[in-house]
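Protein chains in written order, with the working numbering: chain A, 1 to 233; chain B, 1 to 127.
Wrong hints could be hidden among the right ones.
[As the list claims (entries may be wrong)] One side only, chain A facing chain B, incomplete, derived with CB under 8 angstroms: (1) Leu-10; (2) Trp-18; (3) Leu-69; (4) Ala-76.
Everything labelled a hint here was simulated from the structure, so no lab data went into it.
Here the structure is a predicted model, which means the values were calculated and not measured.
Where is the CB? At the ideal position from N, CA and C, for every residue including glycine.
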Amino acid sequence: MKQIVAVVALATLAILLWQLAPIAMPSGLGVVAQHYAEHGVQDNRGANLVTSVVVNYRGFDTLGEVTVLFLSVSGAAFVLRRRTGLEVHEPRRASEIVRTGARLLFAPIVLFGTYIFVHGHLTPGGGFQGGAVVASGVLLLLLANKDHPLPHGFLSWTESLSGLGFVAAGLAGLWAGGSFLANRGILPLGTWNQLFSAGVIPVIYTFVGLKVGSELATLLDVMMHAADEEVHQ
Amino acid sequence: MMAGNELYVGTAIGLIVIGFVAVLTRRNLLKIVLGFSIADTGVNLLIVSLGWLPGRTAPIVDDPSMFSDRAALAVNAARVVDPVPQALVLTAIVIGVGVTALMLAYVIRLYAVGGTLDVRQFGRLKW
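Input sequences plus hints: build the corresponding full structure.
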């Protein structure tokens, strides 16, 4: 019975979505999107218009998004902080090749993640994607060796200071440009398609990348060690 | 009716339905979390494909002559797809990761407390 209700409800949902999708299909850019597409290049000198929207026009949303990510990660860490009481299956130790390979690959992966978030205003990518790539390097280390020591102090300081840096950049915009996170008068906008251009956008995206990377790395560490508190205590 | 993005919209709706099938019919908490994750991906794909416009390119300016004057900027605006849904989805992906992490943390705790992943065993809030 429940299965039938589920099938009927989902079929209705699918048909509704399929019928509604053409209504939502735009025939051109909307007023807001038109403004972003026309003024994004002049306002920010960034090649990537999505980054202009995320970091400048909707920068306050991005600050809220970073806060939501922080809250969910600290929620997960809080829930898993206490002894979970799970029996621990000691996994088979990874072979020498896997452990060495992971250590060897870690630096290029972090370098690639850094490249992605430093070039967020020029190419597809940005702070969130680059931070996720950095965290995937940490995941590789932890998969190869569960007890790989992570610099917890460094991670939490990076996380806190980059969050502070984001807010400080926003306040600098308020002071110099007249509105929170404004991209005017703080840093020169520079030349289009140069690494040091687009004013304060690459600075903010670097902060976001560092924050997301260290947050996700901490999360992976907490989840990896959720079960083995028992062993240490 | 639609302009060439039927494949993406259809795939997105398919992913949403697959995800909710898992949420509504599976008993295993991990599979329910997976279902939410799949539905989340479907919603993201749906939003991006609705912002797609036929024959247009990614919202990245790759030509310096594009901002020489206002007319060139208008030409550029007529060449790119809508950047707003892409920015929204960028936000939604990150929030999705955070929510999935929180759900998995609760699943780990529930397994530690109840010793099972069967959602039917956690009925104490039911009446």
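Against the structure, the hints come out as follows:
Because the beta carbon of A/Leu-10 sits about 5 angstroms from the nearest beta carbon in chain B, less than 8 angstroms, this interface hint is met. Interface restraint check: A/Trp-18 against chain B, minimum CB-CB distance 6 angstroms, threshold 8 angstroms, status holds. For A/Leu-69, the interface hint holds, since its Cβ comes within 8 angstroms of a Cβ in chain B; the closest pair sits about 5 angstroms apart. Checking A/Ala-76 against chain B: minimum C-beta separation of about 4 angstroms stays under 8 angstroms; hint holds.
Going through the hint list in order, the structure satisfies each hint without exception.
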